[in-house]
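**Student:** Each chain is listed here by its residues.
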Amino acid sequence: MIPPRHREAINDLLLDYGALIDGDKLEQWLDFFTDDCLYKIVPRENVVQNLPGVIVLCENKNMLIDRIVSYREANEYNLHYDRHIISNIRIRDLPERDAYAAEASYAVYQTNMDGESRLFSVGEYRDKILIQNGAAKIKEKVIIVDTYSIPTLLATPL
Amino acid sequence: MIPPRHREAINDLLLDYGALIDGDKLEQWLDFFTDDCLYKIVPRENVVQNLPGVIVLCENKNMLIDRIVSYREANEYNLHYDRHIISNIRIRDLPERDAYAAEASYAVYQTNMDGESRLFSVGEYRDKILIQNGAAKIKEKVIIVDTYSIPTLLATPL
Amino acid sequence: MIPPRHREAINDLLLDYGALIDGDKLEQWLDFFTDDCLYKIVPRENVVQNLPGVIVLCENKNMLIDRIVSYREANEYNLHYDRHIISNIRIRDLPERDAYAAEASYAVYQTNMDGESRLFSVGEYRDKILIQNGAAKIKEKVIIVDTYSIPTLLATPL
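Residue numbers (the numbering used here), protein chains in the order written: chain A, 1 to 158; chain B, 1 to 158; chain E, 1 to 158.
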């Protein structure tokens, strides 16, 4: 049985997650992760075939921070707006205290500077979320992208 | 007034429905239906013009099982991954005991083996859901696809 | 703290909003607005650069009614079906009594009379919603479209 306030905190976390990326508030987005977080993007082909290859691997929050800093300083290509549609959120209790598994489907659209909106990536989130001092934090975020062949530079987080 | 635990069971059912198809767990997906279920895919053009044509019609669970068995044994074309985005879920109480109407919008994306993700179908679900021994089951699933012209073989369920 | 019945009323409003447009029940859709409502469509480019240009501006319900009436009487182009996917709904309490801010992401698909479904617009809703006599009503609807370049005539509301 998941306490309603935990369920609400996890739901809000997952939805704000998308809103902060879309709103280009990536520094605030970093606050959603625990210091020892795992952030991983893996192609579904590899998950299905049990292959080890990943697209992005950050094994703690400092590695995530590095990505955002370098994006802020270096990114000159693929200027765009992101738009996340996050749906089908399902939350399960884990044996550990105040720990939950959350799964969701996502579709991310990008709009480029010529004004074209198009589908960028679809896939799913498999998160491990902890409730710490009443706040929900991401301990693990595994993003399974339905295709390896992402059409442009993966600049902003998924 | 819908009891919160019924609302939650129906929500979970609708969301797991998409997750099981996307995860290729079609045999588990079958468990969501009552034995005397109706599963029907109808094009919106026909609904609007009151025409009788349907795309898929299964009038009980055995017919659904047949579809899944033949998909497992015979499907060689249109290999792909599905991804459901199910949103705008609205639940209404029906006069019968423990019976509800649920409506939702969906977008289904398919990713083919060349790694292209694209929109496959958009439309809506109109479900009749029963609560039986605490579990939500689909008595009727009417899927209104916004267009008849589905670009490829309709192999996996919508 | 948002009373659960207010949260539910706002959620239902936002989801029915999309369903009524998609179902071509635009006259019923008008009932969701207060008489002194604001309905505004602004391109994200302008929001980001703080530019004043808007795509659509209705400063009260009569202006919205005019749009629907003229659509009913005059529209001969861009015949299509709409399909709204509304997700990432986030609701905040406002200082005023029974007033809330609601934000959501949307993707709208259109299906034309040749049977092609395609992405029409992605963006976000920023609403101010009032609870009046137990019913949720839209006082302000600001729709930020991710691109100005909407590919066809903006006939039906977003």
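Treat each hint with caution, since some may be false.
For chains that are exact copies, the list does not tell them apart, and a pair is met inside one copy or across any two.
Listed next, the in silico SDA-like pairs over lysine to any residue satisfying Cα-Cα at most 25 angstroms (straight line) [unchecked claim]: (1) LYS139 <-> GLY115; (2) LYS40 <-> MET1; (3) LYS25 <-> ASN46; (4) LYS128 <-> GLY23; (5) LYS137 <-> ARG118; (6) LYS61 <-> GLN49; (7) LYS139 <-> MET113; (8) LYS61 <-> ALA19.
By construction, these hints were calculated from the structure, which means they are not laboratory data.
**Student:** So, for every hint listed, does it hold in this structure?
**Tutor:** Results of checking the hints against the structure:
{"no.": "1", "hint": "LYS139 <-> GLY115", "result": "neither (36 angstroms within a copy, 29 angstroms between copies)"}
{"no.": "2", "hint": "LYS40 <-> MET1", "result": "neither (28 angstroms within a copy, 35 angstroms between copies)"}
{"no.": "3", "hint": "LYS25 <-> ASN46", "result": "between (31 angstroms within a copy, 18 angstroms between copies)"}
{"no.": "4", "hint": "LYS128 <-> GLY23", "result": "both (24 angstroms within a copy, 19 angstroms between copies)"}
{"no.": "5", "hint": "LYS137 <-> ARG118", "result": "neither (30 angstroms within a copy, 32 angstroms between copies)"}
{"no.": "6", "hint": "LYS61 <-> GLN49", "result": "neither (29 angstroms within a copy, 31 angstroms between copies)"}
{"no.": "7", "hint": "LYS139 <-> MET113", "result": "neither (34 angstroms within a copy, 32 angstroms between copies)"}
{"no.": "8", "hint": "LYS61 <-> ALA19", "result": "within (20 angstroms within a copy, 29 angstroms between copies)"}
Figure legend: structure checked against the earlier numbered hints; hints not met, in rising order: 1, 2, 5, 6, 7.
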